[in-house]
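Enquirer: So the chains spell out like this:
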Amino acid sequence: MKVLNLEGTEDTPKIILDKENGVFEISGRSLPEDSAEFFNPVLEWLEEYKDSANGETVFNFKLEYFNTASSKLILDILSKLEAVEGTKVVWYFHEDDEDMEEAGEEFSDLVEVPFEFETY
Amino acid sequence: MKYIYDLHKTMLDKDLILVYEGEFTQEITKSVLSMAERNMDAYGEESSTKRKVFNVMVECLQNISKHAEKFEENSMTKNNAIFMIGKKDHAYFITSGNAVMNNDVAVISSKLEEINGLDKDGLKELYKSVIKNGKLSEKGGAGLGFIDMAKKSGQKLRFDFEPIDESLTFFSLKTTVPRKK
Chain A
0 MKVLNLEGTE
10 DTPKIILDKE
20 NGVFEISGRS
30 LPEDSAEFFN
40 PVLEWLEEYK
50 DSANGETVFN
60 FKLEYFNTAS
70 SKLILDILSK
80 LEAVEGTKVV
90 WYFHEDDEDM
100 EEAGEEFSDL
110 VEVPFEFETY
Chain B
0 MKYIYDLHKT
10 MLDKDLILVY
20 EGEFTQEITK
30 SVLSMAERNM
40 DAYGEESSTK
50 RKVFNVMVEC
60 LQNISKHAEK
70 FEENSMTKNN
80 AIFMIGKKDH
90 AYFITSGNAV
100 MNNDVAVISS
110 KLEEINGLDK
120 DGLKELYKSV
130 IKNGKLSEKG
140 GAGLGFIDMA
150 KKSGQKLRFD
160 FEPIDESLTF
170 FSLKTTVPRK
180 K
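These protein sequences, in sequence, are chains A and B.
Okay, so the first sequence: first residue is 0 according to numbering that gives the first Met the number 0, each after it adds one.
Okay, so the second sequence: first residue is 0 according to numbering that gives the first Met the number 0, each after it adds one.
Treat the hints with caution; some may be incorrect.
Facing chain A, according to a computed beta carbon distance under 7 Å, are these residues of chain B, among others [said to hold, decoys possible]:
{"#": "1", "residue": "G21"}
{"#": "2", "residue": "K29"}
{"#": "3", "residue": "S47"}
{"#": "4", "residue": "V57"}
{"#": "5", "residue": "N79"}
{"#": "6", "residue": "I81"}
{"#": "7", "residue": "K127"}
{"#": "8", "residue": "L135"}
{"#": "9", "residue": "E137"}
{"#": "10", "residue": "K138"}
{"#": "11", "residue": "A141"}
{"#": "12", "residue": "L143"}
{"#": "13", "residue": "G144"}
If you're looking for bench data, these hints aren't it; they were derived computationally from the structure.
All residues carry an ideal CB built from backbone N, CA and C; glycine is no exception.
Input sequences plus hints: build the corresponding full structure.
Expert: See the structure below:
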């Protein structure tokens, strides 16, 4: 599968989805003007990936900030991951960022995917 | 030109550190955010306070750029609205004012009343139910902005409506973010 690699900007996150090297990560800030359009390639990529997924998929969310429109799309991404066997989400948050920790807990309540929490 | 001095004095008097009036776009949102961030960095603001202010600002600015109605027919700019940040010893104030359709006033105010009636856990549940069952609007909003502002600030949202004319109303909104000491 093709690698999806997007450089981060001041209002969009850095994204790497690389099946071959087993790297799945979204990091940085997410407040795009049109979040549905921005995240569409990620959802399409995962749709294709789920049919030929690796035995284990560790999906890292290392977000510093995301707006509410992005949160809706993050839930869509997590919902896609529900269909991928052997998936684990690692939710990173800054050690003094209770809001980001809480956001991860809320997402983990909403989907059937195992979550691990890590500070950085 | 005394109004310049008056405006300056008003800003000092009301503890305003940033005022922006005019058109609201994504580019302007980014610029206002980075100005406010630099401002808070210069004060050596606590990172948790900075993050909360940033959160509330983004929702507020993107609300305006998505929903504000144009109300000055002769104006060259679109989405004429105002955005301000005030800073006192104990808190930051994020305020906005923009025109909305008269027809939308009841919906906006009942949403805000509902949010203000909830405690922390209630807000959490409302957030989860809207994110799970809601759809992105045509304008790309998730219907979560006000809920998020209340959650992140931990304070009630203050709001007010002033009639402009037979079709429009001016909507003011104020969110308080306490400063961590």
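Enquirer: Please go over all the hints and tell whether each is borne out by the structure.
Expert: Quick rundown of the hints versus the structure:
{"no.": "1", "hint": "G21", "result": "violated, 18 Å"}
{"no.": "2", "hint": "K29", "result": "holds, 6 Å"}
{"no.": "3", "hint": "S47", "result": "holds, 6 Å"}
{"no.": "4", "hint": "V57", "result": "holds, 5 Å"}
{"no.": "5", "hint": "N79", "result": "violated, 19 Å"}
{"no.": "6", "hint": "I81", "result": "violated, 21 Å"}
{"no.": "7", "hint": "K127", "result": "holds, 6 Å"}
{"no.": "8", "hint": "L135", "result": "holds, 6 Å"}
{"no.": "9", "hint": "E137", "result": "violated, 11 Å"}
{"no.": "10", "hint": "K138", "result": "violated, 10 Å"}
{"no.": "11", "hint": "A141", "result": "holds, 4 Å"}
{"no.": "12", "hint": "L143", "result": "holds, 4 Å"}
{"no.": "13", "hint": "G144", "result": "holds, 5 Å"}
When the structure is compared with the earlier hints, violations turn up for hints 1, 5, 6, 9, 10 and for no others.
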